[in-house]
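Q: Position chain G relative to chain R; hints supplied.
There are 2 protein chains.
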Amino acid sequence: MIDSVESSLKCPLPLRTYQRVMMAHGGGGRMMRELIEGMIIPLFDNSILNEKDDSAVIEINGAKLAFTTDSYVVNPLFFPGGDIGELAVNGTVNDLSMSGAAPLFLSAGFIIEEGFEFEILRKIVLSMRRAADTAGVQLVTGDTKVVERSRGDGIYINTAGIGVIKHSLKITPGSVQPGDAIIINGDIGRHGIAVMSAREGLEFETTIESDCAPLNKIVKKLIDSGIEIHCMRDLTRGGLGSSLVEIAETAGFRLEIEEHSILIDEQVSAACEILGLDPLYIANEGRFIAFIPLNDAEKAVNIMRNDDSGRSAVIIGRVSGEKTKIVSQKCISGAHRIIDMPSGEQLPRIC
Amino acid sequence: MIDSVESSLKCPLPLRTYQRVMMAHGGGGRMMRELIEGMIIPLFDNSILNEKDDSAVIEINGAKLAFTTDSYVVNPLFFPGGDIGELAVNGTVNDLSMSGAAPLFLSAGFIIEEGFEFEILRKIVLSMRRAADTAGVQLVTGDTKVVERSRGDGIYINTAGIGVIKHSLKITPGSVQPGDAIIINGDIGRHGIAVMSAREGLEFETTIESDCAPLNKIVKKLIDSGIEIHCMRDLTRGGLGSSLVEIAETAGFRLEIEEHSILIDEQVSAACEILGLDPLYIANEGRFIAFIPLNDAEKAVNIMRNDDSGRSAVIIGRVSGEKTKIVSQKCISGAHRIIDMPSGEQLPRIC
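Listed in order, the protein sequences are those of chains R and G.
So in my numbering the end of the first sequence lands on 351, straight run, no missing numbers.
So in my numbering the end of the second sequence lands on 351, straight run, no missing numbers.
Isolated chain R, as found in the complex (with noise of 0.2 Å):
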């Protein structure tokens, strides 16, 4: 069995013209997706991993759950909005949630840089349990691990996460129909700035902060609507773009979103063109957009707008019927334009 897993490494995928891992490899775009599924998925190769949804759903005993994790290494650990605790909860409640899987328990590992000071420990761990009460989760085993200086970065944190699923239905992108609608739950861009701004020492006219937050409140009440929900996905690492490009690839259809719809902050605006970035890209850790049958959409934004996570949500665009797989944005201007997958992240570390 293991011959033919190694031989299967044999295709020539891209990822082979690298010998060594580049920052790009972690930055959820194309880069990521190669080393994923060129090296880890076809030597685990296994009918769940190959899903290659964020969360596995598995079947134990009768109850079906999903399970998911994250290592979180966001530098700096602290920025407007939030800091690295709040993030590995936040972080893995919504990849649960996205499989409609209402998260239960989480695990934390830690990987502590020997030096850390014990009072920003505190701080961080503090803002792990605030962020599991407000998502109402419990965080139920953990890891310590010291490394020596220069060997790691403050702190990084792995959390993992099982959420039970009570609904039939199956949302994931292989489900997602033409007609759909996209529905946005809020603006793009702002925690991806919220951090290099802290990184950078940049200052705007007011603080940017990051949107992160957990998702699993707005995304029961959209099932509990009995909504026929197609497809969820968190706009994190490679943005709302790279969510895009992704779910059009593995669903086999041309999306088609319109540039008026989509909710960007002034100040994130300004950011991103003085620093050269397309806020499309731009890593969020509290959006996501859910796919719906366009007779339950308005429905759907309702709910959504209804709940704090969701105040601004919007429909930005519909599933076309053309199996072309790509990506198209009308532009303000008119104009049409191809959303492709960046190779990396624009901002390395953002999570």
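Hints are computed from structural coordinates only; laboratory data are not their basis.
Even glycine gets a Cβ: it sits at the ideal position worked out from N, Cα and C.
Among the hints, a few may not be true.
[What the hints assert, rightly or not] Pulled a few chain R residues facing chain G out of the computed Cβ check, cut under 10 Å: (1) Gly-26; (2) Ile-36; (3) Val-57; (4) Leu-65; (5) Val-73; (6) Ala-108; (7) Val-125; (8) Thr-141; (9) Thr-144; (10) Val-147; (11) Ala-160; (12) Gly-174; (13) Ser-320.
[Stated by the list, open to error] Taking lysine-lysine and the DSBU-like style, the derived pairs with C-alpha atoms no more than 30 Å apart in a straight line are: (14) G:Lys-166 x R:Lys-221; (15) G:Lys-170 x R:Lys-217; (16) G:Lys-166 x R:Lys-64; (17) R:Lys-170 x G:Lys-166; (18) G:Lys-217 x R:Lys-64; (19) G:Lys-170 x R:Lys-64; (20) R:Lys-52 x G:Lys-123; (21) G:Lys-52 x R:Lys-64; (22) G:Lys-64 x G:Lys-52; (23) R:Lys-217 x R:Lys-299.
A: Chain G alone, transformed into the frame defined by chain R:
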């Protein structure tokens, strides 16, 4: 609720005497315990985490599950008898097994240092796959992060795992009873010395290989036999000595072990003598102790000896009725020695 959490930190724990995290805080000894019990557990404060077992036991929709996590930062990544990938799978498989769970699903979170060679990554991932196949578990979800040079050390791997508990035993230090036999499944000290030798370039007459192995199959045989297992613990960071002390302190009884029963390979013993290390505190990755009612002890030893992971299983001691919470060792000389827990690990970063 948070206020009470904060105030719970004001207790005068020894932790407060440190301003910064030291290597020993990750070493599996008393300082790590102080960090976890003095800060992390009080801040999260829930009944499952408060159990302080290696795995959390959780119930979802009637299914009784074990959930655990560990990060692996071993240095070097490859050592005689194993590598970080095999360790990351077996370590989490074993943590689940110690609660009597049958391990089913794992997650993997990779934190990779920029510049890490793809070829080495491929070897490690392949090793994880092999270990997963051997243990009969599936790796179903993962995450990859990349950090800049000198912000990591090649690769760190976190695994979390889920197992199912099908028995009705309560396998935990609190179940230990006076009269219980303490059984170990083999000799001690191999893993720590194997890693240490690789790291420091030490050479011995024959190569000392790590005992790294999955323990789920031997544990399944014990459970299936109907023996009333009271407690199990794998002897990783801190070794046999620290595990015994931890169990004595939680169980509330005195544990008595006999030096002559504890097997130590001659090469391991020689290495310990040269390096000034005590084999009792050296980490193992395929050794565990089981607390079994005396009348089932011989049966348990025989079951273990019939499994590859327990060929030289032996009773090393018993639980006394004395409520002194100490561990005493009857030495070969006839003298008695009190076994205490070290502050940290004698050899950092061995897992």
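Q: Against each hint, give a clear statement of whether it holds in the structure.
A: Hint check results:
{"no.": "1", "hint": "Gly-26", "result": "holds (3 Å)"}
{"no.": "2", "hint": "Ile-36", "result": "holds (6 Å)"}
{"no.": "3", "hint": "Val-57", "result": "holds (9 Å)"}
{"no.": "4", "hint": "Leu-65", "result": "holds (7 Å)"}
{"no.": "5", "hint": "Val-73", "result": "holds (5 Å)"}
{"no.": "6", "hint": "Ala-108", "result": "holds (7 Å)"}
{"no.": "7", "hint": "Val-125", "result": "holds (5 Å)"}
{"no.": "8", "hint": "Thr-141", "result": "holds (4 Å)"}
{"no.": "9", "hint": "Thr-144", "result": "holds (6 Å)"}
{"no.": "10", "hint": "Val-147", "result": "holds (5 Å)"}
{"no.": "11", "hint": "Ala-160", "result": "holds (3 Å)"}
{"no.": "12", "hint": "Gly-174", "result": "violated (17 Å)"}
{"no.": "13", "hint": "Ser-320", "result": "violated (31 Å)"}
{"no.": "14", "hint": "G:Lys-166 x R:Lys-221", "result": "violated (34 Å)"}
{"no.": "15", "hint": "G:Lys-170 x R:Lys-217", "result": "violated (34 Å)"}
{"no.": "16", "hint": "G:Lys-166 x R:Lys-64", "result": "holds (17 Å)"}
{"no.": "17", "hint": "R:Lys-170 x G:Lys-166", "result": "holds (29 Å)"}
{"no.": "18", "hint": "G:Lys-217 x R:Lys-64", "result": "holds (25 Å)"}
{"no.": "19", "hint": "G:Lys-170 x R:Lys-64", "result": "holds (25 Å)"}
{"no.": "20", "hint": "R:Lys-52 x G:Lys-123", "result": "holds (22 Å)"}
{"no.": "21", "hint": "G:Lys-52 x R:Lys-64", "result": "holds (27 Å)"}
{"no.": "22", "hint": "G:Lys-64 x G:Lys-52", "result": "holds (18 Å)"}
{"no.": "23", "hint": "R:Lys-217 x R:Lys-299", "result": "holds (17 Å)"}
Hints 12, 13, 14, 15 from the earlier list are contradicted by this structure; the remaining hints agree with it.
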